[in-house]
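Enquirer: One-letter residues, chain by chain:
Number of protein chains: 2
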Amino acid sequence: MQKNFELLASNRYSKARRARLTTAHGVVETPAFMPVGTQGSVKGVSPRELRELNAQIILGNTYHLFVRPGLDVIKHFSGLHKFMNWDGPILTDSGGYQIFSLAKLRKITEGGVEFQNHIDGARAFISPEIAMEIQVTLGGDIAMVLDECVPHPCEYDYAAQSAEMTTRWARRCKEWKKANVERPTSNIQYRTAEAITYQPSTMNSLLFGIVQGATFEHLRKQSAQAIVDLDFDGYAIGGVSVGEPEEEMMRAVESAEPFLPPDKPRYAMGLGTPPQLLEMIARGMDMFDCVLPTRLARNGTAFTTTGTLNLKNAEFALDKRPIEEKCACPACREFSRGYIRHLIKAEEILVLRLITLHNLHLYLDLVGQAREAIENKTFEQFRKAFVSGYKTRDVDLTNN
Amino acid sequence: MQKNFELLASNRYSKARRARLTTAHGVVETPAFMPVGTQGSVKGVSPRELRELNAQIILGNTYHLFVRPGLDVIKHFSGLHKFMNWDGPILTDSGGYQIFSLAKLRKITEGGVEFQNHIDGARAFISPEIAMEIQVTLGGDIAMVLDECVPHPCEYDYAAQSAEMTTRWARRCKEWKKANVERPTSNIQYRTAEAITYQPSTMNSLLFGIVQGATFEHLRKQSAQAIVDLDFDGYAIGGVSVGEPEEEMMRAVESAEPFLPPDKPRYAMGLGTPPQLLEMIARGMDMFDCVLPTRLARNGTAFTTTGTLNLKNAEFALDKRPIEEKCACPACREFSRGYIRHLIKAEEILVLRLITLHNLHLYLDLVGQAREAIENKTFEQFRKAFVSGYKTRDVDLTNN
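Chains A and B are the protein sequences, given in the same order.
Under our numbering, the letters of the first sequence match residues 212 to 611, in that order.
Under our numbering, the letters of the second sequence match residues 212 to 611, in that order.
It is possible that some hints are incorrect.
The list treats identical chains as one, so a pair stands whether inside a single copy or across any two.
Stated by the list, open to error - The list that follows gives simulated cross-link-like pairs (lysine-lysine, DSBU-like), each with its CA atoms no further than 35 Å apart: (1) K556 - K523; (2) K432 - K315; (3) K318 - K214; (4) K226 - K293; (5) K588 - K556; (6) K389 - K432; (7) K293 - K588; (8) K602 - K293; (9) K523 - K595; (10) K214 - K293; (11) K318 - K523; (12) K385 - K293; (13) K226 - K315; (14) K226 - K531; (15) K214 - K556; (16) K531 - K595.
Derived by calculation from the structure, the hints in this document are not laboratory data.
On a predicted model such as this, the values are computed, not experimentally measured, just so you know.
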């Protein structure tokens with residue numbers, strides 16, 4: 212069996228790794244950042260622009276797509292790739308995170324989660340098996356197991372029981388996949404006549420397990436060991452960046468990492484700021500997703516290599532410089548801070564795109580530089596220089 | 212003196228003309244449609260995309276730019292072209308239309324108009340001379356005289372007096388231009404230190420007069436004669452598409468047109484639907500601007516060659532076709548109606564861009580086809596076929 216993950220270089224002074232992940236829709240060079248396409252669109256930018264930004268892989272949110280447009284529609288269009296016209300790799304989350312953060316009236320049982328969606332309040336039930344079926348229908352290249360992402364802070368006992376249930380759910384996802392690899396037709400009942408023409412296949416998608424355990428080192432270790440025992444194609448660290456202090460987040464990752472096999476990709480979920488990405492790479496993480504570059508852009512905030520800029524501020528009204536000097540993104544090549552500030556004040560929608568393009572470019576370029584630095588054995592210098600030059604300013608960095 | 216307007220072909224069976232207008236920032240092949248860049252941005256699309264759509268010239272709204280970001284800012288950035296990164300021709304309106312439609316507490320005197328702007332309520336006064344100064348600061352290629360655009364319906368006496376004042380204002384604009392051609396430095400007081408580095412020149416900009424007269428044939432004729440007597444670089448028909456029935460709009464244009472010199476461009480302001488554009492071209496008009504393609508796009512409405520489509524409708528949820536078959540626009544090349552409908556329902560901002568690109572493409576392609584048809588002496592067949600195939604559906608087509 213051909214390996215889908217190939218380690219290319221590692222770093223003597225840190226756990227940073229340079230690797231290559233092969234998926235059904237193409238190769239992902241890691242460390243990699245995945246722009247978040249919540250509802251079948253990376254907010255503000257087109258798939259063409261994502262390709263021009265050298266985005267290798269994007270994330271699709273199962274919960275959002277399940278609620279709207281719904282699986283009938285995605286199935287009718289032969290999966291998320293064709294629906295949104297993105298032919299590169301897609302990772303789909305399990306929907307768990309949004310069920311626990313957005314949906315209402317949740318009822319969690321061993322069987323799964325019952326909830327009311329946040330759009331029209333319709334009731335739905337998602338089990339580990341249903342989460343797999345939905346993801347197969349979406350047709351992503353990497354699927355995630357259903358997990359419970361506990362809030363911060365969380366009592367030890369609850370975190371322990373939850374992590375154990377997450378492991379049992381992970382086993383059920385794995386078993387579902389095994390049972391369904393050979394019979395690719397979904398069991399879900401579809402209402403459309405076209406159902407028969409679309410036969411989603413699990414053959415090509417990778418399945419990642421998720422380590423939980425809140426901020427408890429012992430639980431992180433236990434969870435990592437139990438999930439790794441189930442043997443997934445990759446491993447995610449979940450339940451981080453949910454409001455805990457940065458040191459606890461780092462510790463949660465450090466607690467789990469030694470138990471993750473080196474020959475499988477590691478995905479730190481929902482992370483983070485540019486310096487956090489480099490710190491996570493130094494701790495052996497390979498893949499990242501985060502809404503910050505797109506969400507803060509819509510609030511007028513640009514990331515730069517020296518920190519964030521709130522472009523709404525009056526100080527930029529007459530500023531002829533681009534958002535960041537020497538930046539090669541489409542916004543910086545063509546527009547000044549002063550013009551961008553005007554567009555924000557005038558509520559012109561073009562500006563949401565421009566700042567989003569810049570922010571995504573920064574994130575994607577940052578992991579690109581990290582890849583190069585790991586290859587050149589200069590990652591530690593690169594990380595230290597970047598982190599020390601970056602000033603965290605007063606913005607709400609909570610993920611969603 | 213080199214002529215800036217060259218008639219290339221005319222049509223035996225109608226007044227349709229094919230011509231070429233030369234401006235400081237390039238050539239405009241007419242008939243031409245001008246996308247509206249109200250606040251220094253054609254809503255939803257980038258200057259690069261406008262170029263890719265083959266937009267030849269865009270419109271900038273003096274009133275909006277005067278209010279926000281204000282002239283200090285535009286001056287600091289050396290004019291609207293550089294501020295918004297559009298290097299093609301720009302036509303600036305005089306601001307009159309918005310003062311009469313958007314601003315509050317207007318007080319019109321022979322001297323000019325005093326008003327409170329609709330953003331922060333600040334008082335301002337614009338005279339014909341100030342309208343010229345502002346437009347020179349914006350640095351557009353074509354400036355418009357300040358006029359009073361009377362609402363519909365309008366009493367004959369008011370319309371008559373207003374049209375006469377518009378003529379007196381037009382004379383003052385013309386005189387201001389004449390007096391200032393040789394001394395390009397603006398008289399306006401600027402607060403920024405950079406003022407001295409920017410010396411706007413009126414040398415290169417064309418000045419268009421505006422015919423008013425509401426729906427009264429006699430007044431339209433009188434206004435046209437009086438304005439033409441003042442000898443402008445081009446002539447606009449104003450005060451149309453302000454809520455009057457379509458036949459009255461056609462009659463207003465037909466009443467004025469015979470008095471406009473054939474060797475100058477004619478601009479029908481604020482028009483219109485695709486069939487109206489062709490009808491206006493058949494009546495000897497050369498240039499058009501309209502917010503419909505951009506504004507209706509933001510409401511989920513797409514123009515097609517057979518009428519408008521409300522893409523929000525449930526009927527499109529599973530529709531795999533593009534907005535219009537065989538359309539070469541970026542939205543139709545890449546996305547289905549079903550995906551676009553999903554983006555509207557999910558309030559994804561990408562969709563505003565996609566429908567705007569489609570609608571602008573349709574308008575720009577329509578005038579392109581009209582140009583070709585006039586050259587090929589097939590314009591009348593083209594117009595009749597298009598108009599008879601186009602179904603006007605229930606959308607609010609009032610300009611703003």
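Enquirer: Confirm or reject each hint.
Expert: Hint check results:
Proximity of K556 and K523 under a CA criterion of 35 Å is satisfied in both settings, with 7 Å inside one chain copy and 28 Å between copies. When the C-alpha separation of K432 and K315 is checked against a cutoff of 35 Å, the pair qualifies only within one copy, where the shortest distance is 31 Å, while the shortest distance between copies is 67 Å. When the C-alpha separation of K318 and K214 is checked against a cutoff of 35 Å, the pair qualifies neither within a copy, at 39 Å, nor between copies, at 77 Å. For a Cα distance limit of 35 Å, the shortest separation of K226 from K293 qualifies neither inside one copy, at 37 Å, nor across copies, at 48 Å.
For a Cα distance limit of 35 Å, the shortest separation of K588 from K556 qualifies neither inside one copy, at 45 Å, nor across copies, at 48 Å. With identical chains, the CA atoms of K389 and K432 are at most 35 Å apart within one copy only, with a shortest distance of 26 Å there and 83 Å across copies. For the homomeric pair K293 and K588, neither the shortest alpha-carbon distance inside one copy (39 Å) nor that between copies (43 Å) is at most 35 Å. In the homo-oligomer, the alpha carbons of K602 and K293 lie at most 35 Å apart only across protomers (32 Å), although the nearest pairing inside one protomer, at 40 Å, exceeds that limit.
Only within a single protomer do K523 and K595 lie at most 35 Å apart by alpha-carbon distance; the minimum there is 30 Å, versus 50 Å between protomers. Taking the shortest alpha-carbon separations for K214 and K293, only the intra-copy value of 27 Å comes in at or below 35 Å, while the best inter-copy value is 53 Å. Taking identical chains as interchangeable, the C-alpha atoms of K318 and K523 lie at most 35 Å apart only when they sit on different chains, with a minimum of 34 Å there against 42 Å within one chain. With identical chains, the CA atoms of K385 and K293 are at most 35 Å apart within one copy only, with a shortest distance of 26 Å there and 57 Å across copies.
In the homo-oligomer, the alpha carbons of K226 and K315 never lie at most 35 Å apart, since the shortest distance is 40 Å inside one protomer and 65 Å across protomers. When the C-alpha separation of K226 and K531 is checked against a cutoff of 35 Å, the pair qualifies neither within a copy, at 41 Å, nor between copies, at 47 Å. Proximity of K214 and K556 under a CA criterion of 35 Å is satisfied in neither setting, with 51 Å inside one chain copy and 41 Å between copies. Proximity of K531 and K595 under a CA criterion of 35 Å is satisfied intra-copy only: 30 Å inside one chain copy versus 50 Å between copies.
Checked against the numbered hints given earlier, the structure breaks hints 3, 4, 5, 7, 13, 14 and 15 and satisfies all the rest.
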